[in-house]
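Trainee: The lines below spell out each chain.
4 protein chains.
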Amino acid sequence: MFIHKTTYRVRYADTDQMGYVYYGNYARLYEIGRVEALRSLGFSYKEMEDSGVMMPVYENKSRFIAPTLYDDLLTIKTTINSLPAARVVFHYEILNSSEKLVHTGETTLVFVKIENNRLTVAPKNLLEKLNFFFEK
Amino acid sequence: MFIHKTTYRVRYADTDQMGYVYYGNYARLYEIGRVEALRSLGFSYKEMEDSGVMMPVYENKSRFIAPTLYDDLLTIKTTINSLPAARVVFHYEILNSSEKLVHTGETTLVFVKIENNRLTVAPKNLLEKLNFFFEK
Amino acid sequence: MFIHKTTYRVRYADTDQMGYVYYGNYARLYEIGRVEALRSLGFSYKEMEDSGVMMPVYENKSRFIAPTLYDDLLTIKTTINSLPAARVVFHYEILNSSEKLVHTGETTLVFVKIENNRLTVAPKNLLEKLNFFFEK
Amino acid sequence: MFIHKTTYRVRYADTDQMGYVYYGNYARLYEIGRVEALRSLGFSYKEMEDSGVMMPVYENKSRFIAPTLYDDLLTIKTTINSLPAARVVFHYEILNSSEKLVHTGETTLVFVKIENNRLTVAPKNLLEKLNFFFEK
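So the protein lines, in turn, are chains A, B, C and D.
Under numbering that gives the first Met the number 0, the residue at position 125 of the first sequence is numbered 124, and the numbers go up by one with no gaps.
Under numbering that gives the first Met the number 0, the residue at position 42 of the second sequence is numbered 41, and the numbers go up by one with no gaps.
Under numbering that gives the first Met the number 0, the residue at position 75 of the third sequence is numbered 74, and the numbers go up by one with no gaps.
Under numbering that gives the first Met the number 0, the residue at position 100 of the fourth sequence is numbered 99, and the numbers go up by one with no gaps.
Calculated directly from the structure, the hints in this document are not laboratory data.
A portion of the hints provided could be inaccurate.
No copy is singled out in the list; a pair is fine if it fits within one copy or between any two copies.
Cut-off 30 Å, straight-line C-alpha distance, at most; resulting in silico cross-link-like pairs (DSS-like, lysine-lysine) [what the hints assert, rightly or not]: (1) Lys-99 / Lys-123; (2) Lys-112 / Lys-123; (3) Lys-123 / Lys-4; (4) Lys-45 / Lys-99; (5) Lys-76 / Lys-123; (6) Lys-99 / Lys-112; (7) Lys-4 / Lys-60; (8) Lys-112 / Lys-128; (9) Lys-76 / Lys-99; (10) Lys-4 / Lys-45.
Quantities reported herein were computed from a predicted structural model and do not represent experimental measurements.
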């Protein structure tokens, strides 16, 4: 299991007239969670794309436990529970600045070769970086 | 069962550098789907809020079957399968301009009294409008 | 002078916790204004891109006269005052549903050849469509 | 003169299909620039709103000198050139990770009492924090 934490400050741009983060804007928080999780391993999503593989989203699930509010400093906890193969699944827990769990999410992404737009498997160097966290 | 269809033109603002609609931007499409579905019944979400009840999102699920692209004229098909009580669930099917199913989604919303921020049940006038579609 | 009008319904996704359309979200309204203005002439921005020319924004100016609110049906009035050459300038006036002028904007875009990323001039077929409105 | 610098990582959510940050998304960068500039002074925009004064945008100008790209770590340099009175003007310079100036912007905001929605002047505690930078 691989776990990573990063923080996110809620901006006016994220809120809606309820005074909550708009439900579609959690996608940005998930994106930050997973890209920074990979960066912490020494793996750059940008470099993967530059080398010809992109990761479109296949499935997303979100549960809105409590609202998140303007200027709050959230913690995004990102978890990978199993080694990616044809897919990779990221789980997120979002805590507000009082350490309360306010949101959970889950995104499944696939690997696609940009040149032919076909499904492929997780790149070797990603697996090498992650392997350490899944060995017994 | 209540079904409603509306269209949405994909904008540059919706796309990302993959050339696809960014996965978080489907939330806007769902919002348009459900608000226009209710409006077609003669029910205004805005008036409900003005009368003191709001509908925050509790849960959201999305499946990305195929990408949606810039300038495509999508059809958003919104379905309510059962009469709302404490919650209302909207299902969406999004078709591209070739009538191909490219995306499905599902949003669960709850009813909250704005004055005390407490859960409540679906407003009477919403149920009255919807009743017709669920009677035998 | 070429003038075009289209309408836009304000969505929850557009609002912020002030209950106004977030200032950055007017860019979407301008985009809709100018793309639909061109479409009304029989000119497709998408086809221009597919044929190898894109139009990045060079300059943008906005004046926020009065707030725009959730669910309001705005009118976006888009004007081209002079024939494009190396640049094209779009002017916008946004009216709320009471026909009150609430916002003005102005965007300058340039023409860029996608293959070499170099500045170019307005495509011939765009000029042909617009010429009619600028001849004496 | 008061100057503040902060950084911003460009996200997929910010990009469009040109592979550039969408022109409307610079508003978020400006917002981060000015809110973090004020926070560095010990002034919280959120607390000002909680105390009954909000700052809607009155005018905005942007110049797009060169595109900003996915995953680039931008520097947002925010400047206040003169003490706020009825208005406050923020100037921004955005540099890419090669220290190249890629964007400039300018936002004028006004002060509004939330209780009566009327224009007011800059709060005393904001002026006290800023005074230091404008005294001779």
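Trainee: So, against the hints stated earlier in the document, which numbers end up violated here?
Mentor: Number 1 - this is the single hint that the structure violates.
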